[in-house]
Amino acid sequence: MNNDAGLKQFVAKPARVPPHNDQSLVRRIHSRCFNTPGNSVLTIAVIILAWYIIRSALDWAVFDAMWNADTRRECLNISPNGACWAGVISWFNGLIYGRYPADQQWRVDLGFILAVMWLFPLMSKKIAYRNFILVSWIGLYPFFGAYLFLGGEFGAEVGIIHALFTSLAAGFFILLYANWLLAALNQPDLCERVRPLVAWLFPRGIQVICLLVVWGALSLPVALILSQMALEPVAIERWGGLFLTLIIATFAITMSIPIGVVLALGRQSKLPVIHWMSLLTIELVRAVPLITVLFMAVTLLPIFLPSDMELDKLSQVLFAVCIFSGAYMAENIRGGLQAIPRGQYEAAQSLGLGYSMTMLLIVLPQALRLMIPNIMTSFISILKDTTLVSIIGLFDIMLMARNIANDKDWIGLHTEPIAMISILFFIICYSMSQYSLNLEKRLKADRS
Amino acid sequence: MNKVTSIVAAGTAVFLMQAATSTAAMAQDKASTLQQVKDRGYLSCVIGNSFPGFYSLDKDGEWQGMDIDMCRGVAAAVFGDPTKVKFMPVQWAQSFTTIKSGEGDMLSKGMTWTLSRDTSQGLDFLETYFYDGQGFMVRKDLGVNSVKDLKGATVCVLTGTSSELNLADYSRTHGLDLKTVVFDDSAVRNTAFFNENCDALTNDKSGLAAQRSAAPNPDDYIVLPETISKEALSFAVTQNDSEWANIVKWTFETMVAAEEYGITSKNVDDLRANSENPVIRRILGVEGDLNTGLGLSPDWAYQVVKAVGNYGEIYERNVGTNSVLGLERKGTLNALWQDGGLMYAKSFR
Numbered sequence: 001m002n003n004d005a006g007l008k009q010f011v012a013k014p015a016r017v018p019p020h021n022d023q024s025l026v027r028r029i030h031s032r033c034f035n036t037p038g039n040s041v042l043t044i045a046v047i048i049l050a051w052y053i054i055r056s057a058l059d060w061a062v063f064d065a066m067w068n069a070d071t072r073r074e075c076l077n078i079s080p081n082g083a084c085w086a087g088v089i090s091w092f093n094g095l096i097y098g099r100y101p102a103d104q105q106w107r108v109d110l111g112f113i114l115a116v117m118w119l120f121p122l123m124s125k126k127i128a129y130r131n132f133i134l135v136s137w138i139g140l141y142p143f144f145g146a147y148l149f150l151g152g153e154f155g156a157e158v159g160i161i162h163a164l165f166t167s168l169a170a171g172f173f174i175l176l177y178a179n180w181l182l183a184a185l186n187q188p189d190l191c192e193r194v195r196p197l198v199a200w201l202f203p204r205g206i207q208v209i210c211l212l213v214v215w216g217a218l219s220l221p222v223a224l225i226l227s228q229m230a231l232e233p234v235a236i237e238r239w240g241g242l243f244l245t246l247i248i249a250t251f252a253i254t255m256s257i258p259i260g261v262v263l264a265l266g267r268q269s270k271l272p273v274i275h276w277m278s279l280l281t282i283e284l285v286r287a288v289p290l291i292t293v294l295f296m297a298v299t300l301l302p303i304f305l306p307s308d309m310e311l312d313k314l315s316q317v318l319f320a321v322c323i324f325s326g327a328y329m330a331e332n333i334r335g336g337l338q339a340i341p342r343g344q345y346e347a348a349q350s351l352g353l354g355y356s357m358t359m360l361l362i363v364l365p366q367a368l369r370l371m372i373p374n375i376m377t378s379f380i381s382i383l384k385d386t387t388l389v390s391i392i393g394l395f396d397i398m399l400m401a402r403n404i405a406n407d408k409d410w411i412g413l414h415t416e417p418i419a420m421i422s423i424l425f426f427i428i429c430y431s432m433s434q435y436s437l438n439l440e441k442r443l444k445a446d447r448s
Numbered sequence: 001m002n003k004v005t006s007i008v009a010a011g012t013a014v015f016l017m018q019a020a021t022s023t024a025a026m027a028q029d030k031a032s033t034l035q036q037v038k039d040r041g042y043l044s045c046v047i048g049n050s051f052p053g054f055y056s057l058d059k060d061g062e063w064q065g066m067d068i069d070m071c072r073g074v075a076a077a078v079f080g081d082p083t084k085v086k087f088m089p090v091q092w093a094q095s096f097t098t099i100k101s102g103e104g105d106m107l108s109k110g111m112t113w114t115l116s117r118d119t120s121q122g123l124d125f126l127e128t129y130f131y132d133g134q135g136f137m138v139r140k141d142l143g144v145n146s147v148k149d150l151k152g153a154t155v156c157v158l159t160g161t162s163s164e165l166n167l168a169d170y171s172r173t174h175g176l177d178l179k180t181v182v183f184d185d186s187a188v189r190n191t192a193f194f195n196e197n198c199d200a201l202t203n204d205k206s207g208l209a210a211q212r213s214a215a216p217n218p219d220d221y222i223v224l225p226e227t228i229s230k231e232a233l234s235f236a237v238t239q240n241d242s243e244w245a246n247i248v249k250w251t252f253e254t255m256v257a258a259e260e261y262g263i264t265s266k267n268v269d270d271l272r273a274n275s276e277n278p279v280i281r282r283i284l285g286v287e288g289d290l291n292t293g294l295g296l297s298p299d300w301a302y303q304v305v306k307a308v309g310n311y312g313e314i315y316e317r318n319v320g321t322n323s324v325l326g327l328e329r330k331g332t333l334n335a336l337w338q339d340g341g342l343m344y345a346k347s348f349r
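In the order they appear, the protein sequences are chains A and B.
Quick note on numbering: UniProt numbering labels position 80 of the first sequence as 80, and the sequence is numbered without any gaps.
Quick note on numbering: UniProt numbering labels position 187 of the second sequence as 187, and the sequence is numbered without any gaps.
Derived by calculation from the structure, the hints in this document are not laboratory data.
Honestly, I wouldn't trust all of these hints.
From the derived model, a few chain A residues whose C-beta atoms are all more than 12 Å from chain B [unchecked claim]:
#	residue
1	Q9
2	F10
3	K13
4	A15
5	V41
6	R72
7	L119
8	E192
9	L279
10	L284
11	T377
12	I380
13	I391
14	L394
15	G412
Just so you have them, the derived chain B footprint on chain A, three or more residues with Cβ under 8 Å [to be verified]:
#	segment
16	83-96
17	99-112
18	227-240
19	401-408
The calculated lysine-lysine pairs, modelled on DSSO-like cross-linking and capped at a C-alpha distance of 30 Å, are [said to hold, decoys possible]:
#	chain 1	residue 1	chain 2	residue 2
20	B	K230	B	K179
21	A	K408	B	K86
22	A	K408	B	K266
23	B	K346	B	K266
24	A	K384	B	K86
25	B	K230	B	K249
26	B	K330	B	K140
27	B	K100	B	K230
28	A	K408	B	K306
29	B	K84	A	K408
30	B	K86	B	K59
31	B	K306	B	K266
32	B	K346	A	K408
33	B	K249	B	K266
34	B	K148	B	K330
35	B	K306	B	K38
36	A	K408	B	K330
37	B	K59	A	K384
38	B	K38	B	K100
39	A	K408	B	K140
40	B	K346	B	K59
Here a beta-carbon is modelled for each residue, glycine too, at the ideal position from N, C-alpha and C.
Isolated chain A (complex conformation) (with noise of 0.2 Å):
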């Protein structure tokens, strides 16, 4: 090709190397922390805090810190200067169960590993009906769960539809994971089974006969089974601790999407009275404190209620709390809401959608997805504030903790509870947020 000699052609200087290519750590260090004296005197002034606050916070901490004592006298005496461990390790048990009857904890865990085996199946793709997974999570597991941790002779003290749904729930349960076992072995699920037969007596309605149909044969035996069996009652007033602060928190989660829902979606309604009363209901909630919503829930409703009908404080917590953490997600959802394109909506009405198909199948999905982040944040905020019900006498783990300081063998015990009680909800906290981290890369990499 290159016949002709006075035609010059580009050659490719070869590139220079990169200015100071070296990358050891001297010299990383050297450029980032010591290249001016200014820096240099903020480094080595950090570098001694740091050592400083670390060191005695290890000193304390750890070097001389107490971990079998009998008393906090014990404690003072051997080493005043340390934490005393052995008064949170004594009182762990009631830290985490309150004052659950101790030969009955088993219950409490026994049902918190159901309500995380209940979503395992969610990883298999395979199995049938995997939405309503979380909807029965939602709407039964909590009957199964009080039933657990209430007690009582079954069917009499929680009542026949309690005991309905309890049955119900444990049917489902074993349901679900029969299915899951039969779909990770490829076979057909056991609705599939007895289609043949339902198929011959129902002319219509097949699919959810057969759901039905097996479900309440598993539910049968599972209620017999139940009623010949009694727990030992355990009533409200005794569940505390991490148990309790776990049991509002995951109640006010998970009610708050739906109400958030409700209200996000009524305060954008064109309807006047329900945009107002949506707005008045978001507006007057999030305008007060959770201390005063709580203070009101526990004075007020009984009084709004009839007063042949006792509502146990757990309830009345339950319920402020719910409103309190719906309010806020409302503006969650209003804002995810409000970042989707007008052409969604064009777009499902030009496919003949009604409203709520609209709102079910193609707004909500993306606002919800949009908004994870403010989602998890609120979710996290929720279970931060749940300590807040120790003030109204709630024995959460925040009361258990402060309890400890006025137990006689640990008398002013204060500071080791509460470092303990830091730890646990960082550790709880942090992994909701790497939760939710994990959750965006997953939704992000199905939409690309």
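Once you have looked at the hints, place chain B on chain A.
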């Protein structure tokens, strides 16, 4: 869109209607407290959030303390079973309303009997089960032996309490010119005192005993001898229910009388079977019909002593010299009348 709206509207209407009917149903008269307690199957006892020696949780989640034992005693008198009691820890401000609304049957939370509380809160105060009074705690190395020596000193105190008002009164009448450092939270106040942010700490003496035992080194602190206020910690029940008031009152009288006549939780079975003393026989329900006027079973007083012991036992167990508070009883107002105290049981006849 219309369907959704109508559902929402219907729901709202139902809710509003329910709210309206329920407020109308509110006006109902109250049954007597004794009947309420018996129907409910347990006694509902109003206490505070926790206070060492008087009402506090142990690590198994059980309540213990002097007020707790008093409530257990009343439960034993009514049901013959000291476990049939539920404790309601409430905030200070809520204690009166809890009794008035009938949610709580008796108040036993170390509340001081004062004229204004007795007359304008819808309560009847009954019996004083602990005579307390405000005192001062100082560091030993200050070399102070009397409050009079505290001239110009700084004093740590909880804000909004009667302690704060008493302190101001005392400082003015005695020309002490005390400077107050106020706190919202007792834990913070104690830490401030132990860190020498103030010279003295003022509180009820039982509270001072608790705070002293929580100190890093209790021997470094002394409680000064002066008592500058009258704090008669008493039971309260709802106003104008003598039937119920009698039960609470005589349960306490039983505890004091039992101590006077030497009945303890250990020898009560023996005395009930073998005692020839007519007073003891009347108290324990072996003879006489003292129970009929109270509407309780004949062995009610036996049940009280059996369950929680006499007053002396309760005192020693919870606040006495071997307890965490370590309060000496001898020579104080809480001793029996024959020992110079104010505990004087009325006649069981």
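Against the structure, the hints:
1. Q9: 73 Å, holds
2. F10: At roughly 68 Å from the nearest Cβ of chain B, F10 of chain A sits farther out than 12 Å, so the non-interface label holds.
3. K13: 70 Å, holds
4. A15: 65 Å, holds
5. V41: Since the minimum Cβ distance to chain B is about 32 Å, V41 of chain A lies beyond 12 Å and the statement holds.
6. R72: Answer for R72 of chain A: violated, closest chain B Cβ roughly 8 Å.
7. L119: Its Cβ never comes within 12 Å of chain B, the nearest being 30 Å, so this holds.
8. E192: 34 Å, holds
9. L279: 14 Å, holds
10. L284: It holds; L284 of chain A is separated from chain B by about 16 Å at its closest Cβ, greater than 12 Å.
11. T377: 29 Å, holds
12. I380: 26 Å, holds
13. I391: It is violated; I391 of chain A is separated from chain B by about 7 Å at its closest Cβ, not greater than 12 Å.
14. L394: 10 Å, violated
15. G412: 3 Å, violated
16. 83-96: The restraint on the segment 83-96 of chain A holds, since 4 of its residues have a Cβ under 8 Å from chain B and three suffice.
17. 99-112: holds (count 4)
18. 227-240: Our answer is that it holds, as 4 residues pass the Cβ test (under 8 Å) against chain B, meeting three.
19. 401-408: As far as the segment 401-408 of chain A goes, the hint holds, because 6 residues have Cβ atoms under 8 Å from chain B.
20. B:K230 / B:K179: 22 Å, holds
21. A:K408 / B:K86: The hint holds at about 21 Å.
22. A:K408 / B:K266: 24 Å, holds
23. B:K346 / B:K266: Since the Cα atoms of K346 of chain B and K266 of chain B sit roughly 23 Å apart, the hinted pair holds (cutoff 30 Å).
24. A:K384 / B:K86: 29 Å, holds
25. B:K230 / B:K249: 21 Å, holds
26. B:K330 / B:K140: 24 Å, holds
27. B:K100 / B:K230: 26 Å, holds
28. A:K408 / B:K306: Holds, because 24 Å separates the two Cα atoms, which is no more than 30 Å.
29. B:K84 / A:K408: It holds: about 24 Å lies between the C-alpha atoms, which stays within 30 Å.
30. B:K86 / B:K59: 18 Å, holds
31. B:K306 / B:K266: 8 Å, holds
32. B:K346 / A:K408: 33 Å, violated
33. B:K249 / B:K266: 23 Å, holds
34. B:K148 / B:K330: 25 Å, holds
35. B:K306 / B:K38: Measuring from Cα to Cα gives roughly 21 Å; hence the hint holds.
36. A:K408 / B:K330: OK: K408 of chain A and K330 of chain B at ~22 Å, within 30 Å.
37. B:K59 / A:K384: 24 Å, holds
38. B:K38 / B:K100: 18 Å, holds
39. A:K408 / B:K140: 24 Å, holds
40. B:K346 / B:K59: 38 Å, violated
Consistency with the previously given hints fails for numbers 6, 13, 14, 15, 32, 40, ordered from lowest to highest.
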